[in-house]
Amino acid sequence: MYETNYHRASSVEEAGKLFTGSEDAKYLGGGQTLIPTMKQRLAAPVDLVDLGGIDDLKGIAEDSGALRIGAGTTHYDVATSDVVKRLIPGLAHLAACIGDPAVRHMGTMGGSIANNDPAADYPSALVALGATVTTSTRELSAEEFFTGMFETALEEDEIVIAVSFPVPEKSAYSKYPNPASRYAMAGVFVAKTKDGSVRVAATGAGQDGVFRIAAMEQALAETWSADAVAGISVDAGDLLSDIHGTAEYRANLVTVMAKRAVAAAG
Amino acid sequence: MGVEGIGARALRKEDKRFITGKGKYTDDKVLPRMTYAAFVRSPHAHAKITNIDASAALEMPGVEAVLTGHELVADGIGNLICGWMVHSKDGSPMNMGAWRALESEIVRHTGQAVAVVIADTQELARDAADAVNVDYEELPAIVSASAALLDGAPQLHPEAPNNLIFDWEIGDEASTDAAFASASHVTRMEIENNRLVPNPMEPRAAVADYDVAEEHYTLYTTSQNPHVARLVLSAFYNVAPEHKLRVIAPDVGGGFGSKIFIYPEEIVALWASKRVGRPVKWVSDRTEAFLTDAHGRDHKTVAELALDANNKITGFRVKTVANLGAYMSLFSSSVPTYLYATLLSGQYDIPAIHANVKAVYTNTTPVDAYRGAGRPEATFVVERIIETAAREVGMSPVDFRRQNFVRSFPHQTPVIMCYDAGDHDATLDAALKAIDYDGFPARKSEAASRGKLRGMGLSCYIEACGIAPSAAVGSLGAGVGLWESAEVRVNPVGTIEVLTGSHSHGQGHETTFAQLVSERFGVGTETVAIVHGDTDKVQFGMGTYGSRSGAVGMSAIVKALDKVEAKAKRIAAHLMEASEGDIQIEGGVLKVAGTDKKLSFSEIALAAYTAHNLPEGMEPGLKEGAFYDPTNFTFPSGTYACEVEVDPDTGKTEIVNFVAADDFGKIINPMIVEGQVHGGLTQGIGQALLENAAYDENGQLLSASYMDYAMPRADDVPSYQLLTTETLCPGNPLGMKGCGEAGAIGSPPAVINAITDAINNNDLAMPATAERVWRASRGALPQAAE
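As given, the protein sequences belong to chains A and B, one line each in that order.
Take the first sequence: its position 260, counted from the start at 1, is 260 in this note's numbering, and no numbers get skipped.
Take the second sequence: its position 658, counted from the start at 1, is 1658 in this note's numbering, and no numbers get skipped.
Simulated from the structure, these hints should not be mistaken for laboratory data.
Fair warning: there could be bad hints in the mix.
To be verified - Facing chain B, according to a computed beta carbon distance under 10 Å, are these residues of chain A, among others: (1) N5; (2) R8; (3) R182.
To be verified - Only pairs whose alpha carbons sit at most 27 Å apart, straight line, appear in this in silico DSS-like list of lysine-lysine: (4) A:K39 - B:K1022; (5) A:K39 - B:K1274; (6) A:K39 - A:K85; (7) B:K1569 - B:K1591; (8) B:K1563 - B:K1591; (9) B:K1274 - B:K1244; (10) B:K1559 - B:K1569; (11) A:K39 - B:K1623; (12) A:K39 - A:K26.
Because the structure is a prediction, the values reported are computed rather than measured.
Just so it is clear, CB atoms sit at the ideal spot from N, CA and C, and this is done for glycine as well.
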């Protein structure tokens, strides 16, 4: 690791000031990606602004038909929250599938979505549930927020404050983990909203990160059953291919995980 | 604690310090005025170094030195050696290219060290290493051993035309050809053994300390064999004469073979310590470990098995290309030859075997011994083709194996080894019963009703441990003898220290070895200390690898204990005015049989040291040493049965049951043996399902971190069922065989045989990743067993 200056902010405002006052700063969420990257000397911020001490970023609450989760909430807290399990059990299950216990106790939702790793789990939930991302300056829909592999709409100094999930009629997440990293080789989140519309989002497989699968959404809107998506394939040409799985295999996984997610949602 | 002898499931004495974080590892060593080393490593797999500019690094405050191969050569530091000479079939010696600890002309694998920075802190050393500017002229790289042999392939070493290190053979080619000419069935397979990265939990490290006044060096290092390290560093690398070099291998966090070898970094640390006049510490990071720890396996084999009309095996022909990487590591030449092809007879009576092995240079990390070293490769070839042949001729794999088992011992194979003892039916019977082999069809049907493909696979392995009779391995090209030594030092108060040349880096020697003493004298294990890992304390030793510490290391201890016991009995007889033959040792007391006369073991020890009243002519003291040179290898064997369920939608394999029935001969501590088998099985399953050192065509290691190199985790393996049977090894005093590697040797073919049975497609390479299994199983519909 290169030398860096560590700052622990106690408010969003202070964090922003620390950030803009530095020639080269990075916000630190749970540190589950940034710290290993720095240890490998692949990132070298002059200043590290830790958001972990900001109480306003933490917490889970039911808020007029939606579930609001603070950006600093750990995966463990999401996975074990009674409120999340009651309102959006698929989201609690997704959080329980992230990494390993150490990662889940340190990693945060805000840190995960701000990094937008194409194999991270949360982006699929945000997109499929039609979540709204509240930042230090504005509100964005999930689809506006995620703009590409490791890319988001966030400005340099902008901080994710919370994510608000409309409570669906039903939803579920099914993931095939990479055997080494335990990130998603393919993870599919399916959701049926209370007005009957369906959204299906896949992570881990796409070259540009999370993506929706329109053909599956249409099929499920007509018939909500695993069989409805069994014959629908995504185009392998748009998918990732690496030593763990070819695009063709990932395309198969997307269909299989979609089937299983629909079955799990009931 | 207390008296815990042979067979006791004694808790490990060393675990208190390990599980409370109090182990003392090389990286825990901090010396006054210590500096830190960081290596400048090649980003290319094959390139000419045109310039090394260290001026910017040298200007950084706190940088002591930047050293390159030019200074290394000028100071007379020798090239790295390979300690086992193998000759090609035409009689010519192996073609070995030069390997310098710091390369200054041509780099041949990614991560090769080209310079070292010595600085006041680790961070500074790394920053300065980044500032060393090396100009490279890239050369075409080759990573596939088969392709490296082809005309026009990039050439690594001028000493090795066509990248061929040796073209070696074993067995009788003519009689093997004759067996094939008259065969009624021939099974032919192409078999790949995937390259692995050892991944001990503790990365390699070295702390080198040169004492200018004494002209003496001390090296703390992560070694499985500190005496061999001292010998090689002295005799071949000219770092220091042997009596001026002390090597200490303190607590070492796993090795699996990778810490047998003396690597460039330890040589450079010692040499640099004298150069800068301060202690030098180097600790590998995980990326360096992936790039520079010797890798394992990497064979490509064509195997053919000849059967007669009764399905009796009549001949076995094997052609293997072994990828040894960019340089010949310390024992690399022995692994694909004498540790591999000599085990190709497996558990079977095969009258004719011929094997040809070509060892090849490529632009990859050097390959050497890794848990099992040659024997997993042999077992995979044998047990895959045995299973396949049985399927081809329509025989049950159980019956086919039984029909061809070796049943009388000793059994001379056509490939050097003479099996001394064993009972292959016993382990096979035990495994089949434990896994409920007969109930498998019903379980297969039940799995099919859930849409899953269930399969059963067997592996009947035999391996050679207790390496090795010194004269025998000497005649085969080994550069060292492979005996072991021990010293038993009874203190005047009766506590006992056992100094051993074996080295514990996870094996639990401090417990098991103490049990031997406890058994012998009836004293508590808490009164026994095992001393190892320091060349200043222990007389000499060959170290720990090849599952040798029981069969060889403990045999030396037994010999020393014999001498101590004899002397103690003489003293007791003298003091109690009895005949030596009447002295019995029981519960820590020496008694005169048939009387109530007795003296405690500690009283005898004190008497030996006060020397007030010893038998006429006896020297004072109670301390004896012994060297033990084995008369033969030992041959652990067993049957592993693996039951899997494959999800045809994803290709994911779940191991639902795994039975290991092993014959390890005499077992001292069953709990520690079970731990060894658990670890070995898990590494073998890791090889079968998950692990792969993947290079791209330019020689970049793609799986160079845990993000991409899949290590087995607890949820990848089942709860194992372990069984043991016992035939004693006739070649050593306790009848021990060796258990450290068996799990890794025997398990991969059991797993692959099970998956190929499940998916009804025999064409499946390791690692059997979900995608590979998914592709191989496409079209295989779950169905009830016939």
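A quick look at each hint next to the structure:
1. N5: Check failed: Cβ of N5 of chain A comes no nearer than 14 Å to chain B, outside 10 Å.
2. R8: 22 Å, violated
3. R182: Result: holds, 9 Å to nearest chain B Cβ.
4. A:K39 - B:K1022: 25 Å, holds
5. A:K39 - B:K1274: Given that 27 Å is the threshold and the Cα spacing comes to 30 Å, the pair is violated.
6. A:K39 - A:K85: Violated, at roughly 35 Å.
7. B:K1569 - B:K1591: 9 Å, holds
8. B:K1563 - B:K1591: 18 Å, holds
9. B:K1274 - B:K1244: Holds, at roughly 13 Å.
10. B:K1559 - B:K1569: 15 Å, holds
11. A:K39 - B:K1623: Outside the cut-off at roughly 51 Å; violated.
12. A:K39 - A:K26: 15 Å, holds
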